[in-house]
Amino acid sequence: MNAPMPLLNVERLSKSFGTHRVLNSIDMSVKLGDVTCIVGPSGSGKSTLLRCLNYLEVPDSGVVFLDGDPVGMRWHGNTLRQMSFNELAAQRQRMGMVFQSFNLFPHKTALENVIEAPIIVQRRRKAEAVEEAMALLDKVGLRDRAHYYPKQLSGGQQQRVAIARSLAMRPAVMLFDEPTSALDPELVGEVLAVMRQLAEDGMTMVVVTHEMSFARDVADHLIFMDGGVIVEAGPPKEVLSNPQHTRTKSFLARVL
Amino acid sequence: MAHDQKNPASARPDIHETKPVPLRHPSWWIGGAALLIFVIMFIRLLVTNENLHWDIVAQYMFSAEILAGLGRTLLLTFVAMIIGLAIGVVLAIMRLSRNPVFQTASWAWIWFFRGVPPLVQLIFWYNLALLIPTVSIGIPFGPELWSASMNSLITPFSAAVLGLALTESAYAAEMIRAGIQAVNVGQTEAAATLGMTRSQTLRRIVLPQALKIVIPPIGNDTISMLKFTSLVSVLALPDLLYSAQMIYSRTYQTIPLLIVATIWYLVLSTILTLIEHYIEHRLNDGKPLELSLVLSSLFRSKFWAPRRTEVSA
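For the record, the sequence lines run as chains S and X. Counting from 477, one number per residue, gives the positions in the first sequence under this note's numbering. Counting from 185, one number per residue, gives the positions in the second sequence under this note's numbering.
Since the hints were derived computationally from the structure, they do not count as laboratory data. Take the hints with a grain of salt, since some may be wrong.
[As the list claims (entries may be wrong)] Computed beta-carbon distance windows for the label pairs:
#, chain 1, residue 1, chain 2, residue 2, range
1, X, 287, S, 705, 38 to 46 Å
2, X, 399, S, 721, 51 to 59 Å
3, S, 696, X, 370, 48 to 56 Å
4, X, 322, S, 646, 48 to 56 Å
Everything numeric in this text was worked out from a predicted model, so none of it was measured. C-beta: ideal position from N, C-alpha, C; glycine also.
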């Protein structure tokens, strides 16, 4: 193997809710610095896949490897054992996540949201955390909103604060779970612009999205999911302009 | 439309200048009149009935004995509330823990202290020395490090605090549990993805939001507690009620002194209500509140509140 080991490697991941098989033996990998977009109709399992990557959702079988380490599990001889929550917490610091519904802490200002985890989890000095948080808020264009509470901010601003909050932990990979789906159309652009900038800076990103133009322009790798399986994957221009599978064709005909 | 033909636009006044006539409810006037008659009858009773002895009420209103009792009532209320809430937070966390031992212990505690009437508890705690004459701390089945007789530990005040605080802890636990469960799951997920441990999430993210949710019921409980403290008169602890009772057992002015106690209880519960409203408003919009707004909110029924905001919006 001469190729560098992928940052994220998913092996035969399966997950059922009751009798409904949401993920059916998924294999995928994400290279360092790549942007992977996951698209597909609702109910195709794409959000569940993303949530399995950082073990928010516990898969029934299969393993996610982050930089070679199994996520949520620990080698014990030749078998894998489930980690304690605190071990998992340490691992999750390396994977930032941005949610559809922002999930900012409503009792803390934008700045306090961003410095919370660096101070509490990583035990960084407050002055240093504030300085870095202000730089991040500047980067997402919200330096002047640092002392606003989430409910005083628009949806797009809240989502940009949420991105800054995740970046403050200096994660190796950022996971985005439909980051613009809860936003008014005129606010989508500001969030996508921040994500574009992030991709240009070389951040490894996995993005579940309905924004096809973002997927086409930014993604290095596009995954189309339907019915709990990866139907088609490849460079976005190929998948979008020349889909091989009928399910991909009919989905793209509806959204493009 | 038929409606428009009956009432053509030209015959109507300019709609920008007219105001709709507010709806009148005849029931308001009838009910109001009936109520007014009762109010007048009640005021007449207060003024004309000489057994009330307003002069004696005035004489004892600020007497040292009554004020000392008032102080004890307040002290008891706040000590019992603080201890009750502190235990309640722990019980709520235990109840929501995944550890079955904690869950069961918390459930049993709540079951017991919510099931036994506070008056029974007060008497029971006061007589604890009959059950356990001495308490000692030491290694089980081994040497004793410290011991004391139960009679010296259980005073009327400590028995009262135990009875009231433990009852409160059971109610507070259920309230706080509901508050914790009302915090959005997204909050714990967000904290988890930031690498926070369970206890960090609980302390920094969930509890602050849960406590904000339970402020109104805590205020309510504080007012209940103020009134429940009157039970301690059975332990001969001179709170507000027992101080009044001691005075009227000497002077036989039963009714005037009960009125003194009643007025003080009303004053205290009104003040507590004002404080509760003030804190609630502060938490809702984070702005300091004008006194007039707090006062008017006292008389505003919560039942109508959502409709009013709809109208003003």
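How the hints compare with the structure:
1. 287/X x 705/S: 38 to 46 Å: Holds, at about 40 Å.
2. 399/X x 721/S: 51 to 59 Å: Distance hint for residue 399/X, residue 721/S holds at roughly 56 Å.
3. 696/S x 370/X: 48 to 56 Å: 29 Å, violated
4. 322/X x 646/S: 48 to 56 Å: 52 Å, holds
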